[in-house]
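In order, the protein sequence lines correspond to chains B and Z. Residue numbers for the first sequence follow our numbering, so the first one is 1 and each next one is one higher. Residue numbers for the second sequence follow our numbering, so the first one is 1001 and each next one is one higher.
Since the hints were derived computationally from the structure, they do not count as laboratory data. C-beta atoms are modelled at their ideal positions from N, C-alpha and C, and glycine is treated no differently. Some hints here could point you the wrong way.
Stated by the list, open to error - Just so you have them, the derived chain Z footprint on chain B, three or more residues with Cβ under 8 Å:
#, stretch
1, 183-193
2, 211-218
3, 293-299
What the hints assert, rightly or not - Taking CB as the label site, the calculated pair distances span:
#, chain 1, residue 1, chain 2, residue 2, range
4, Z, Arg1247, B, Ala41, 11 to 21 Å
5, B, Leu149, Z, Pro1032, 31 to 41 Å
6, B, Arg105, Z, Glu1234, 53 to 63 Å
7, B, Ala34, Z, Asn1112, 38 to 48 Å
8, B, Gly14, Z, Gly1087, 39 to 49 Å
9, B, Asp188, Z, Ala1181, 49 to 59 Å
10, B, Asp188, Z, Ser1109, 40 to 50 Å
11, Z, Glu1211, B, Asp188, 22 to 32 Å
12, Z, Ser1154, B, Ser335, 48 to 58 Å
13, Z, His1138, B, Asp43, 46 to 56 Å
Claimed, not checked - Partial selection, computed: residues in chain Z whose CB lies under 7 Å from chain B:
#, residue
14, Asp1006
15, Pro1072
16, Pro1125
17, Cys1139
18, Asn1140
19, Thr1150
20, Thr1152
21, Ile1156
22, Thr1209
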Amino acid sequence: MAKISLPDNRGYFGEYGGRFVPETLMPVLDELTAAYAEAKADDSFWSELDHLSRDFSGRPTPLYFGEKLTGHCGGARIYLKREDLAHTGAHKINNALGQGLLARRIGKKRIIAETGAGQHGVATAAVCAMLGMDCIIYMGEEDVRRQALNVFRMKLMGAEVRPVSGGSRTLKDAVNEAIRDWVTNARDTYYLLGSVVGPHPYPMMVRDFQSVIGKEARQQILDKVGRLPDYIVACVGGGSNSIGIFYPFLDDKDVKLVGVEAAGRGIDTGEHAASIIAGRVGVLHGSKSYVLQNRAGQIMETHSISAGLDYPGVGPEHGYLKDTGRASYVGVTDSEALEGFQLLCRAEGITPALESSHAVIYAARLAATLDKEKIIIVNLSGRGDKDMSIVADALGVKL
Amino acid sequence: MSRLSDAFRHKALIGYVTVGYPSLEDTMKVVPLLAESGCDIVELGIPFSDPLADGVTIQKASFRALQNGVTPEVCLETARKLREKVGIPLVFMTYFNPVLSYGLDEFCSACNGAGIDGLIIPDLPPEEGEKLQQSTGHCNLDLIYLLAPTSTESRIRLVAERSRGFIYLVSVTGVTGARAALPEDLTAFVARVRRIAKQPLCIGFGISTPEQSKEVARIADGIIVGSRIIQLMEEDKTLASVGDFVRGLRKALDEIPT
Chain B
1 MAKISLPDNR
11 GYFGEYGGRF
21 VPETLMPVLD
31 ELTAAYAEAK
41 ADDSFWSELD
51 HLSRDFSGRP
61 TPLYFGEKLT
71 GHCGGARIYL
81 KREDLAHTGA
91 HKINNALGQG
101 LLARRIGKKR
111 IIAETGAGQH
121 GVATAAVCAM
131 LGMDCIIYMG
141 EEDVRRQALN
151 VFRMKLMGAE
161 VRPVSGGSRT
171 LKDAVNEAIR
181 DWVTNARDTY
191 YLLGSVVGPH
201 PYPMMVRDFQ
211 SVIGKEARQQ
221 ILDKVGRLPD
231 YIVACVGGGS
241 NSIGIFYPFL
251 DDKDVKLVGV
261 EAAGRGIDTG
271 EHAASIIAGR
281 VGVLHGSKSY
291 VLQNRAGQIM
301 ETHSISAGLD
311 YPGVGPEHGY
321 LKDTGRASYV
331 GVTDSEALEG
341 FQLLCRAEGI
351 TPALESSHAV
361 IYAARLAATL
371 DKEKIIIVNL
381 SGRGDKDMSI
391 VADALGVKL
Chain Z
1001 MSRLSDAFRH
1011 KALIGYVTVG
1021 YPSLEDTMKV
1031 VPLLAESGCD
1041 IVELGIPFSD
1051 PLADGVTIQK
1061 ASFRALQNGV
1071 TPEVCLETAR
1081 KLREKVGIPL
1091 VFMTYFNPVL
1101 SYGLDEFCSA
1111 CNGAGIDGLI
1121 IPDLPPEEGE
1131 KLQQSTGHCN
1141 LDLIYLLAPT
1151 STESRIRLVA
1161 ERSRGFIYLV
1171 SVTGVTGARA
1181 ALPEDLTAFV
1191 ARVRRIAKQP
1201 LCIGFGISTP
1211 EQSKEVARIA
1221 DGIIVGSRII
1231 QLMEEDKTLA
1241 SVGDFVRGLR
1251 KALDEIPT
């Protein structure tokens, strides 16, 4: 496919991307870029990844026709890409597995990672346990509190979870702390970054490992209905599940790509995490993209009911897709996401993650405005088991 | 020839303070004190919300300064006032986003107007610094790049070609902060850079005692001390111990035979 040319050799997607990191890490990133290029050209790397994706992660994940959900909306047919059924409960395992194998290949045994909702932390902990590597997970104190179940899962799999007390005590601060650890232990530590953010080559590498979602979905929809979908809808925090499903469809110009950002308590309130809709171009965590920042260039604190979307930046490739108009971006509030969560539970007996619930409700409303022959694929990026106490709280239910 | 080069007539002592920590009044007092006590250059830190190259001490100072309402505008105004009080070179140390947000040309020209001599931006490697370098070039500012123990020979060449004023050598792989011991491979690292670079070499990160300063300054042209100064400002509000500390460092550096 033609679009393989992005990013360029400096890690840029148009004007976004690059490498804005301390000098200590620059040689490490050069090495990583070279090691990844070598792995990418090596069939044995991919055959091991394919094998583990199947036997360890449970791929391919199904593409499920949500017949009752479709009936409820009364419009376009809605298909769900069931990443919630992947091992550890979300799409995060795809990237954790790919990078875990890469880390082993370059001989690094100490793995660090950041996590927000805990899904990337759990996926990384699982891969490290399976590959026999040391695992340290940085997690904001606020997220440790609201995602206690995932903290326990990580510990059971042998990971050390380090709560981060700086700043807003959420995902952004966990990334800062992971980068500080990485700068300190650059020689023997592999940073297993969980989204399509960070310095080059991460946005490219994570996209490549996540694009299995879109490759499968494309083939599955062709097999099922003999044509491509009209829309693909996915939630966007850092943007890995959305890039993963968008990427293999980029050249299919008739397929509309919609990224759903967390509008939190509403864009007007300032309490949200909608970096593309409400941010402006800046540099955060090693790359240039849309960033939520104040007039003085300080990064703002964000809010979302879903810890996984609670991040003030977004992957550089999303910035590029936005500017070129190839993808469009919309916002969904906390309460709308809760509605999506309940809707999918009732209509289909599927409990989505709060992150994915943002995509679900947007797709449901979109479907209602479209003809019955139209097709929407929603990336159901994760399952909602981890969110039970938050949802119960929000609905005023005591567990 | 930039004003920074005057600092290297002897072993240069470079002090760092975060602007607005613990208060702007303290910044206005401490910078002249650093100059009187023997600093040749002062780095003024513009606080950033996400200082990922900094250890706990400067993280806390940045956080407090931001709570005090410090912005790049406030830092420029502070520099302008300090310029009336001290003659030594002043450089800004900050992260790239506040500079990008201000506008590269606008920021550099404001720096020039405020009497700033150079910029140190730890998350801006030379590969990403070309545009800022054009702006600094037009405004009489030195853009100072960093090298680290992990830097390869080709990276040392790149920084040697681009860095102006001096080269900032990061003593350890890590973040800023006082450390009990400095790494053993520091001498070899400095020698690797010295073979290629013509600029003065200043070593920072982890230096907190006169003994360490002396040890490091034997192989370098200058030393940079930050976190320890911030700690002393926290411990002794009169700032007397900052003056004593800096005089101690100056004395240690002056004892090195030339």
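Hints, one by one, checked against the model:
Under the rule that three or more residues need a Cβ within less than 8 Å of chain Z, the assignment of the stretch 183-193 of chain B holds, with 5 such residues. With 0 residues having a beta carbon nearer than 8 Å to a beta carbon of chain Z, the stretch 211-218 of chain B misses the requirement of three or more and the stated coverage is violated. Requiring three or more residues with a Cβ within less than 8 Å of a Cβ of chain Z, the coverage given for the stretch 293-299 of chain B holds, as 6 such residues are present. For arginine 1247 of chain Z and alanine 41 of chain B, the hinted distance range of 11 to 21 Å is not satisfied, since their beta carbons lie about 60 Å from each other.
Under the hint 31 to 41 Å, the C-beta atoms of leucine 149 of chain B and proline 1032 of chain Z, about 55 Å apart, miss the expected range. Take arginine 105 of chain B and glutamate 1234 of chain Z: their Cβ atoms lie about 46 Å apart, and the range 53 to 63 Å is violated. Distance hint for alanine 34 of chain B and asparagine 1112 of chain Z: a CB-CB separation of about 40 Å, consistent with the stated range 38 to 48 Å. Judged by the Cβ atoms, the range 39 to 49 Å given for glycine 14 of chain B and glycine 1087 of chain Z holds: they are separated by roughly 46 Å.
Between aspartate 188 of chain B and alanine 1181 of chain Z the CB atoms are about 19 Å apart, so this pair departs from the stated range of 49 to 59 Å. For the pair aspartate 188 of chain B and serine 1109 of chain Z, the beta carbons lie near 44 Å from each other, so the given range of 40 to 50 Å is met. Remark: the range hint 22 to 32 Å for glutamate 1211 of chain Z to aspartate 188 of chain B is upheld by a beta-carbon distance near 29 Å. At about 54 Å, the beta-carbon gap between serine 1154 of chain Z and serine 335 of chain B stays in the expected band of 48 to 58 Å.
For histidine 1138 of chain Z and aspartate 43 of chain B, the Cβ-Cβ distance of about 52 Å falls inside the hinted range of 46 to 56 Å, so the restraint holds. Against a cut-off of 7 Å between C-beta atoms, the interface hint on aspartate 1006 of chain Z is violated, since the closest Cβ of chain B lies about 26 Å away. Taking 7 Å as the C-beta contact cut-off toward chain B, the hint placing proline 1072 of chain Z at the interface holds, the least distance being around 6 Å. A least Cβ separation of about 5 Å between proline 1125 of chain Z and chain B falls short of the 7 Å threshold, and the interface hint therefore holds.
The restraint placing cysteine 1139 of chain Z at the interface with chain B is violated, with a minimum CB-CB distance near 19 Å, outside the 7 Å limit. The criterion of a C-beta within 7 Å of any C-beta in chain B is not met by asparagine 1140 of chain Z, whose closest approach is roughly 23 Å, and the hint is violated. Below 7 Å, beta-carbon pairs count as interface contacts, and threonine 1150 of chain Z has one with chain B at about 5 Å; its hint therefore holds. A least Cβ separation of about 5 Å between threonine 1152 of chain Z and chain B falls short of the 7 Å threshold, and the interface hint therefore holds.
Among the interface hints, the one on isoleucine 1156 of chain Z is violated; its C-beta lies about 10 Å from the nearest C-beta in chain B, farther than the 7 Å criterion. At about 21 Å, the closest approach between the beta carbon of threonine 1209 of chain Z and any beta carbon in chain B exceeds 7 Å, and the interface hint on this residue is violated.
Comparing the model with each numbered hint stated earlier shows that hints 2, 4, 5, 6, 9, 14, 17, 18, 21, 22 do not hold.
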